[in-house]
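Chain residues, written in single-letter form:
Protein chains: 2
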Amino acid sequence: MTADADLIHFEDLEPGTTFSLGPMPVDKAEVIAFASQYDAQPMHLDEDAARHSLLGGLAASGWHTCAMLMRMMADAYIRRMAGEGAPGVDFVKWRRPVLAGDVLSGSSRVLTRRRLRSRPEIGIVNMRHQLVNQRGEVVLESENPVMVRIRAPDGDLA
Amino acid sequence: MTADADLIHFEDLEPGTTFSLGPMPVDKAEVIAFASQYDAQPMHLDEDAARHSLLGGLAASGWHTCAMLMRMMADAYIRRMAGEGAPGVDFVKWRRPVLAGDVLSGSSRVLTRRRLRSRPEIGIVNMRHQLVNQRGEVVLESENPVMVRIRAPDGDLA
Numbered sequence: 053m054t055a056d057a058d059l060i061h062f063e064d065l066e067p068g069t070t071f072s073l074g075p076m077p078v079d080k081a082e083v084i085a086f087a088s089q090y091d092a093q094p095m096h097l098d099e100d101a102a103r104h105s106l107l108g109g110l111a112a113s114g115w116h117t118c119a120m121l122m123r124m125m126a127d128a129y130i131r132r133m134a135g136e137g138a139p140g141v142d143f144v145k146w147r148r149p150v151l152a153g154d155v156l157s158g159s160s161r162v163l164t165r166r167r168l169r170s171r172p173e174i175g176i177v178n179m180r181h182q183l184v185n186q187r188g189e190v191v192l193e194s195e196n197p198v199m200v201r202i203r204a205p206d207g208d209l210a
Numbered sequence: 053m054t055a056d057a058d059l060i061h062f063e064d065l066e067p068g069t070t071f072s073l074g075p076m077p078v079d080k081a082e083v084i085a086f087a088s089q090y091d092a093q094p095m096h097l098d099e100d101a102a103r104h105s106l107l108g109g110l111a112a113s114g115w116h117t118c119a120m121l122m123r124m125m126a127d128a129y130i131r132r133m134a135g136e137g138a139p140g141v142d143f144v145k146w147r148r149p150v151l152a153g154d155v156l157s158g159s160s161r162v163l164t165r166r167r168l169r170s171r172p173e174i175g176i177v178n179m180r181h182q183l184v185n186q187r188g189e190v191v192l193e194s195e196n197p198v199m200v201r202i203r204a205p206d207g208d209l210a
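Chains as they are written, first to last, in our numbering: chain A, 53 to 210; chain B, 53 to 210.
Source of the hints: derived by calculation from the structure; they are not laboratory data.
All clues stand as given, with none of them false.
Each pair may be met inside one copy or between any two copies, as identical chains are not told apart.
SDA-like mimics (lysine to any residue), calculated; alpha carbons at most 20 Å apart, straight line:
hint, residue 1, residue 2
1, 80, 108
2, 145, 189
3, 145, 106
4, 145, 168
5, 80, 100
6, 145, 199
7, 145, 135
8, 145, 176
9, 145, 186
10, 145, 174
11, 145, 193
Starting from the given sequences, assemble the full structure and let the hints guide the process.
And the structure:
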């Protein structure tokens, strides 16, 4: 168990702070399993149909790519952060197909941060996320605010 | 197999057109399974920890709620739509916790639409999605653009 003070807090997340994500291989069976449960469209389920589509191969559901991003973020920093969840997502752009057999990696970077007036022990940290495939092509861009506890709420950090 | 002309096309998606989503029960085992694979934080995994948290109970990952939204959209209209995928998501707001045992329902509504100059056979349809729980409380709001084929590309629909 990590002591709370050792967790990543608001004070540690200066603008520009960057966490590396991945690498994560995109597993064909997982692409099909996710799609079967949540997004049963042919391009996510059927390799032959997908190969002849504009996507060029069996493609992960966009929401599956978001779930893989979440997994990479959890592994890279969220599970050792004094986080209080996220109120939402500012945007997601699915820039290119994510195909079975691809390997994803990327980064999460702190853009801006501010304290919450209504909850002085919490700050909002705006993060920018990017995933690329094994050719370095951007496949996903996203930004979202996360709520992070402040180590020293009485400090004078802006 | 549905004939292509019978699918929902751009022409059918007038602003205001609304599709009902759900109902979909939020299954505890599925909440834990999704979190174990993609978002392994205590409030999504451990019923006891979650009950004593601000969330008040075992809560689905926000990305799991998005995946459940996708499933409800696929069942309600996407699998019978002449769709060409989506370039992204304009925003997602996770308004309230989604707890194991909740039952979700909601709607997808056409906001605006426009033809693509670059691809005259395709139009962009901007959709607004909302999910509520069994008490009618809004748990998720989102908007996103979807690409839909035009039945009669030479028609003069605005």
